[in-house]
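Visitor: Sequence:
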Amino acid sequence: MLYTVLVIAIVFEVLGTSAMQAAQHFTRPTPTVLMVVCYAVAFFFLSYTLRYIPVGIAYALWSGLGIVLISAVGYVTFDQKLDLPAILGLALIISGVLVLNLFSKSTFH
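Residues 8 to 116 (my numbering) make up the sequence shown, in order.
None of these hints come from the bench; they were simulated from the model. Yeah, the Cβ is synthetic: ideal placement off N, Cα and C, and Gly gets one too.
Derived Cβ-Cβ restraints for the label pairs, each shown as a range: (1) Leu89 x Ala29: 18 to 28 Å; (2) Val44 x Ala79: 16 to 26 Å; (3) Ser102 x Phe33: 31 to 41 Å; (4) Leu99 x Val14: 18 to 28 Å; (5) Ser111 x Thr84: 29 to 39 Å; (6) Arg35 x Tyr10: 31 to 41 Å; (7) Tyr55 x Asn108: 13 to 23 Å; (8) Tyr59 x Pro92: 32 to 42 Å; (9) Arg58 x Val106: 15 to 25 Å; (10) Pro36 x Val106: 41 to 51 Å.
Below, simulated SDA-like cross-link-like pairs (lysine to any residue); rule was C-alpha separation at most 25 Å, straight line: (11) Lys112 x Tyr55; (12) Lys88 x Phe19; (13) Lys112 x Gly71; (14) Lys88 x His32; (15) Lys88 x Gly73; (16) Lys88 x Ser70; (17) Lys112 x Ile100; (18) Lys88 x Gln28; (19) Lys112 x Tyr10; (20) Lys88 x Ile74; (21) Lys88 x Ile100; (22) Lys112 x Leu72; (23) Lys88 x Leu76; (24) Lys88 x Gly71.
With the hints as extra help, turn the sequences into a complete structure.
Guide: Dropping the structure here:
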């Protein structure tokens, strides 16, 4: 259940970041409002998980998965290219998230 809440937080953070890109320096009102709402929802759900998951672990998962997801959204939605070093870096981030979840005794299971 806690990881579901964390995933919801991550998804809303990615939606907020995507809206920020679409807001074009806050010149477009609808994406700007969407960004603020999505970030508020994201931080609400993240703060809930911090009751049970250590902040370092929660933030590592939040930022790592968020980076991977926003990179995929940027590639698909905003036509932003990923070169080989970027893909390798994203693979390392995914590896780090897996190590945290599978082998660390610091995470909530």
